[in-house]
Structures are given as C-alpha cells and as structure tokens.
Amino acid sequence: MTLGLVLGGGGARGAFQAGALAALSTSKLRPDFVLGTSIGAINALGTTKLPAAELVQWWLTKIPRNMFFRRQGEVPYATLLRELVARPTIHPWPVLILTAALPKMRQHVVTITGKPASAQLQWLLASSAIPRVYPKVNIADTHYVDGGMVNDLPVDVAHDLGATHIISIGAGGLGPKPKVATRLHLDVPKWAPNILDFRQKPRPRLMQAGWQMAQQMMKTPEFKALTASRA
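Residues in the sequence shown are numbered consecutively from 1, following UniProt numbering.
No lab work stands behind these hints, which were simulated from the structure alone. Glycine is no exception: its CB is placed at the ideal position from the N, C-alpha and C atoms. Treat the hints loosely; a few may be bogus.
[Stated by the list, open to error] Here are the simulated SDA-like pairs of lysine to any residue, each with C-alpha atoms no more than 20 Å apart in a straight line:
(1) Lys62 with Ala78
(2) Lys104 with Val150
(3) Lys28 with Glu222
(4) Lys28 with Val150
(5) Lys115 with Val150
(6) Lys177 with Arg199
[Said to hold, decoys possible] Computed Cβ-Cβ distance ranges for the label pairs, DEER-style:
(7) Thr61 with Ser27: 21 to 31 Å
(8) Gly73 with Gly114: 39 to 49 Å
(9) Arg30 with Asn194: 32 to 42 Å
(10) Ala181 with Ser27: 33 to 43 Å
(11) Gln215 with His143: 13 to 23 Å
(12) Ser27 with His143: 17 to 27 Å
(13) Pro103 with Arg230: 36 to 46 Å
(14) Pro189 with Leu29: 20 to 30 Å
(15) Ala181 with Thr79: 21 to 31 Å
(16) Arg65 with Lys190: 45 to 55 Å
Using the sequences and the hints given, assemble the complete structure.
This is the structure we're talking about:
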C-alpha cells in the first residue's frame, strides 16, 4: 500500500490546505510522498519543514499581503521560500512538485527532496509562476511556469507514481483537473476569495473551513479503513 497526498493549486486559497493539513496531522497518518502544484507545491514542502500548527501560523503571519509588488526583480514571496527551504527537515517523506515546461506546456514532475536549497527554491518558483503575473523560470535552458496551467490537482500523476491510496486537497485553482477521482478529497468552499486575494482577513475562515472538512473526512469509513490498514 502506498499513500500519496496531493495538494492542488489555488494561490491565496492555499490557506484552506493549511487548515486541513493541521486536522489531518492529528490522525498520525503519514503519507509515502506528497505531490503538489503551484501553492500546493509550497505547502507540500511545508509539510516536511514545519509542524502542522506552525504551517497554520506561517499562513496567518508570514505570507505577504501584497503579492504583486516585486523587489529587485524577485517575486514578493521569494524571500519567504528561501527561508522555508533553508529550514531543517522534520518529516522524511519525499516532496514532488509539478510544473509546466515551455513552449509546449508539457507537465513536468520533479522530486525536490534531497536537492540543494537553491534548486528547491527554483523549482518552487517555477511551479508557482502564474503566466502574466509572475516571470517564467529558466532551469537548465528550459523555461517553466505554474504547474496548475496543465494539471491543477495531479491525482492522476500520483496514481502513475504508484499510489494505491490518495488523499487530495484542492485549493480552487483555475487550471484543468484530471478525470481521475479520489474518495478522500477536500476542496475549498464556494465562498472562498479570489486566488490572488492575499489579504489576511479571509485566511482564518479558510483555515477553519479546511480544519472542519478534514475532521469530517476523518470520520468516514474510507478514512478509518485507511488508518487501520496502515497501523
């Protein structure tokens, strides 16, 4: 049995994922790998670097409110990501991220676990490089942009990587979603703010929604069976 945790794109709605991950952490269920795209890629790395409660605080206090102002040619969250990749790893599961390679918008999956901090930073920036909002990222003579442009919730990729069981947490991204469905799935409520609305005010409500939905999912027979099978 291989358990994959899949985190989708959705910008500011990634706060919802933080709340859901905090709830799931109370179950002691541990994934064999985490796969994310766009903001889900950043949260995926966060699961290995931060305790769940600290990831929540990270979203409450660290994520910039102004995500459009670029300093010295960098995106406004580059410094925050640099600090994240520099932190020691506290959970050992592999982190994989999905990005889109230009010019053909071909989905590209890379394992960033074990790579140098500078390489991890570049891949995270690539996976979250929303076209016409943030600049494309050049890695080894190939340009990459936001993975959500080609696969907003890559559960199909997790299947291809050998996951026999998947927990997926969307963030309401605007990109294409695969037809592969998962029984253990959470997604943002309809009232969630715009993906680029990084004001602090909506974040607690988003995280509370993620926490509550994950708590409900943990009560389902499917989740209880999964937990029992991995005990």
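Tested hints:
1. Restraint check for Lys62 and Ala78: satisfied, since their Cα atoms lie roughly 12 Å apart, inside the 20 Å limit.
2. Proposed proximity of Lys104 and Val150 is supported: the alpha carbons are some 10 Å apart, at most 20 Å.
3. Between Lys28 and Glu222 the alpha-carbon distance is near 16 Å, which keeps this suggested pair within the 20 Å criterion.
4. A C-alpha spacing of about 32 Å is found between Lys28 and Val150, which places the hinted pair above 20 Å, so the restraint is violated.
5. Distance restraint check for Lys115 and Val150: the Cα-Cα separation of roughly 24 Å exceeds the 20 Å cut-off, and the hinted pair is therefore not satisfied.
6. Pair hint Lys177 plus Arg199 does not hold up; C-alpha atoms about 26 Å apart against a cutoff of 20 Å.
7. Distance hint check: the CB atoms of Thr61 and Ser27 are about 26 Å apart, consistent with the given range 21 to 31 Å.
8. Separation of Gly73 from Gly114 is about 28 Å and departs from the stated range, judged on CB atoms against 39 to 49 Å.
9. Taking the beta carbon of each, Arg30 and Asn194 are about 33 Å apart, inside 32 to 42 Å as hinted.
10. Roughly 22 Å separates the CB atoms of Ala181 and Ser27, a value that falls outside the hinted 33 to 43 Å.
11. Between Gln215 and His143 the C-beta distance comes to about 41 Å, which lies outside the given range of 13 to 23 Å.
12. Range check, Ser27 to His143: Cβ separation about 40 Å, and the 17 to 27 Å hint is violated.
13. In this structure the hint that Pro103 and Arg230 lie 36 to 46 Å apart at CB holds, the actual value being about 42 Å.
14. For Pro189 and Leu29, the Cβ-Cβ distance of about 24 Å falls inside the hinted range of 20 to 30 Å, so the restraint holds.
15. Against the hinted window of 21 to 31 Å, the Cβ-Cβ separation of Ala181 and Thr79 comes to about 38 Å, which falls outside the hint.
16. Judged by the Cβ atoms, the range 45 to 55 Å given for Arg65 and Lys190 is violated: they are separated by roughly 23 Å.
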